[in-house]
Amino acid sequence: MTGTLALLRAFVRRDRWMYLWWPVGIAILYVSQGWSVDGLYRTQAEFDKAAADMGGNAALIAMAGPARALNTTGGQVAWQAAAFGAILVGLMSMLLVGRHTRGEEESGRDELLRAAPIGRYAALTAAVLDALLANLVVGLLTAGALVAYGLAGADSLGLGLGVTLCGWFFTGIALLAAQLTTSTRAAYGLAGAVIGLSYALRAFGDVSSSTLSWLSPIGWYQAMHAFSGLRWWPGLLLLVGSLGVLVAAYAVFDRRDFGSGVLPARPGPARAGRDLQTGLGLAWRLQRPAVAGWTLGLLLGGLGFGAMGNDVGDLVGDSETSRDLVLQGSADIVDGFYATLMLMLALLATGFAISSALRPRGEEDAGRVETLLATALPRSRWVAGHVAVTVTGTVGVMLAAGLGLGTSYALVTGEGGAVLRMTWQLLTFTPAVLVLSGFVRLLHGLLPRAAMLAWMALLLACIVLLFGELLQLPQWFQDLSPFEHLALVPVEDFRWLPFVALTAAAAVLSVAGQIAFLRRDVH
Numbered sequence: 209m210t211g212t213l214a215l216l217r218a219f220v221r222r223d224r225w226m227y228l229w230w231p232v233g234i235a236i237l238y239v240s241q242g243w244s245v246d247g248l249y250r251t252q253a254e255f256d257k258a259a260a261d262m263g264g265n266a267a268l269i270a271m272a273g274p275a276r277a278l279n280t281t282g283g284q285v286a287w288q289a290a291a292f293g294a295i296l297v298g299l300m301s302m303l304l305v306g307r308h309t310r311g312e313e314e315s316g317r318d319e320l321l322r323a324a325p326i327g328r329y330a331a332l333t334a335a336v337l338d339a340l341l342a343n344l345v346v347g348l349l350t351a352g353a354l355v356a357y358g359l360a361g362a363d364s365l366g367l368g369l370g371v372t373l374c375g376w377f378f379t380g381i382a383l384l385a386a387q388l389t390t391s392t393r394a395a396y397g398l399a400g401a402v403i404g405l406s407y408a409l410r411a412f413g414d415v416s417s418s419t420l421s422w423l424s425p426i427g428w429y430q431a432m433h434a435f436s437g438l439r440w441w442p443g444l445l446l447l448v449g450s451l452g453v454l455v456a457a458y459a460v461f462d463r464r465d466f467g468s469g470v471l472p473a474r475p476g477p478a479r480a481g482r483d484l485q486t487g488l489g490l491a492w493r494l495q496r497p498a499v500a501g502w503t504l505g506l507l508l509g510g511l512g513f514g515a516m517g518n519d520v521g522d523l524v525g526d527s528e529t530s531r532d533l534v535l536q537g538s539a540d541i542v543d544g545f546y547a548t549l550m551l552m553l554a555l556l557a558t559g560f561a562i563s564s565a566l567r568p569r570g571e572e573d574a575g576r577v578e579t580l581l582a583t584a585l586p587r588s589r590w591v592a593g594h595v596a597v598t599v600t601g602t603v604g605v606m607l608a609a610g611l612g613l614g615t616s617y618a619l620v621t622g623e624g625g626a627v628l629r630m631t632w633q634l635l636t637f638t639p640a641v642l643v644l645s646g647f648v649r650l651l652h653g654l655l656p657r658a659a660m661l662a663w664m665a666l667l668l669a670c671i672v673l674l675f676g677e678l679l680q681l682p683q684w685f686q687d688l689s690p691f692e693h694l695a696l697v698p699v700e701d702f703r704w705l706p707f708v709a710l711t712a713a714a715a716v717l718s719v720a721g722q723i724a725f726l727r728r729d730v731h
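Under the numbering used here, the first residue of the sequence shown is numbered 209, with each subsequent residue one higher.
Read the hints as simulated data drawn from the structure, not as lab findings.
Glycine included, C-beta positions come from ideal geometry on N, C-alpha and C.
Hints should not be assumed to be uniformly reliable.
As the list claims (entries may be wrong) - Just the calculated beta-carbon pair ranges, DEER-fashion:
# : residue 1 : residue 2 : range
1 : L423      : A500      : 52 to 60 Å
2 : A582      : R317      : 16 to 24 Å
3 : D573      : M664      : 51 to 59 Å
4 : W225      : G624      : 44 to 52 Å
5 : L341      : S315      : 38 to 46 Å
6 : G397      : A260      : 36 to 44 Å
7 : G624      : V355      : 45 to 53 Å
Model the full assembly from the supplied sequences, consistent with the hints where possible.
What follows is the structure, encoded as structure tokens:
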């Protein structure tokens, strides 16, 4: 273990921004649910009515979890935020562990560290402690934020501690994945699959057999019953499970060769196929797992949302605040509700667009771009290939979300024309999504070190959607979101002018970013 503390200090310093944005973002996720429901349901009668309707909706239960104490603010917070908070800490843990273990090993930096007087387990243990500490910060900040909001202290602590323990469990999973695989990408894929499987087991278990929920760490977290009869013993399952997975990861680490994984890498063909001999083919090969994952995720999300059908009136309170927040002030409850859902799905699709547009930056950071550009592949074709994948992938993800939403809505209501109608309505938000991906490309071309700030643009769009009218934010601030300029169909009539203008703006930003990239040095 010699050198563990020195490495831990270096890792924490390197991750200092992650220590800020992840905990703050997750804490806001929890507190915003309380803020939202308190604005929607002003009387206990409204709370009771909404709780009765939500508790009987299988789609909502599958999406969020078991319906407990939904006629209280705390119960709504735990129900709406716990499952998604667990997923977020799982992703944070996966990124932290992968960055400091398999990522360092793959880049060769870990081998240089091992030439110094440090112990065999030092880097591994420092990475684990770094992730455990980050999850502890998330839990403490979440609990503190809920207490500051005015919720019960013990239950707030239980909800915060539970999300920390979930993060610790997924830290062990990420560490084990890093030992089993031979690349960072494969480690992320394996750990992400476990996170997704945990959510799926919990979802199926909550609407069918509770046994499946007890096979999921997310199910253990929700079984702590925060704000609905708090109990601590399910947290012990998470703690024991975390220790077990970490012990297994260390055992595998002892039995593998440095630079390799337990699962052998699949050998590729002796010669690359014709599709890999072009910039577009290479970009597609690198990004197709992400495209497939996001497409499937948005398809399932759309199916879940559309399953609510027309029975959405009771999910929305009668206050004017609820109409501003959920219905965008629309007099038609169904149209207003689904307009907001479509905008939310479009914002989720923006997550894919931004991550896809950032992929060239990741390839540049890894040092692979210089090798590629030393061949006959022109720089313009390389970046254009990634642009094409981002644009077509974004349209595909949006299309899948719209088809899922329209299909499930049609099955529930019997309105067959809803499939094409809702798909088209969702696609009308595509120019705004592409504007944000073009902004990423411009940052990559001009200020590559600042490219990650593009996520702040997505955060701004979410703030405008959720709190723009509620907080009476200045109109100039709301206009910074490209979604603000498009017609909110079906509440508003579709308008061609902003649609075409934003499409042109997205093209200009993308072209400007590509030109800037062509004129700067590759880092």
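For each hint, the structure was consulted:
L423 and A500 have their C-beta atoms about 25 Å apart, which leaves the hinted 52 to 60 Å range violated. Between A582 and R317 the CB atoms are about 22 Å apart, so this pair conforms to the stated range of 16 to 24 Å. Taking 51 to 59 Å as the suggested C-beta distance range, the pair D573 and M664 does not conform, at roughly 19 Å. Separated by about 49 Å at the C-beta atoms, W225 and G624 satisfy the suggested range of 44 to 52 Å.
Between L341 and S315, the C-beta spacing of about 23 Å breaks the proposed range 38 to 46 Å. Separated by about 41 Å at the C-beta atoms, G397 and A260 satisfy the suggested range of 36 to 44 Å. One distance hint, 45 to 53 Å for the beta-carbon pair G624 and V355, holds here, with the actual separation near 50 Å.
When each numbered hint is compared with the structure, violations occur for hints 1, 3 and 5.
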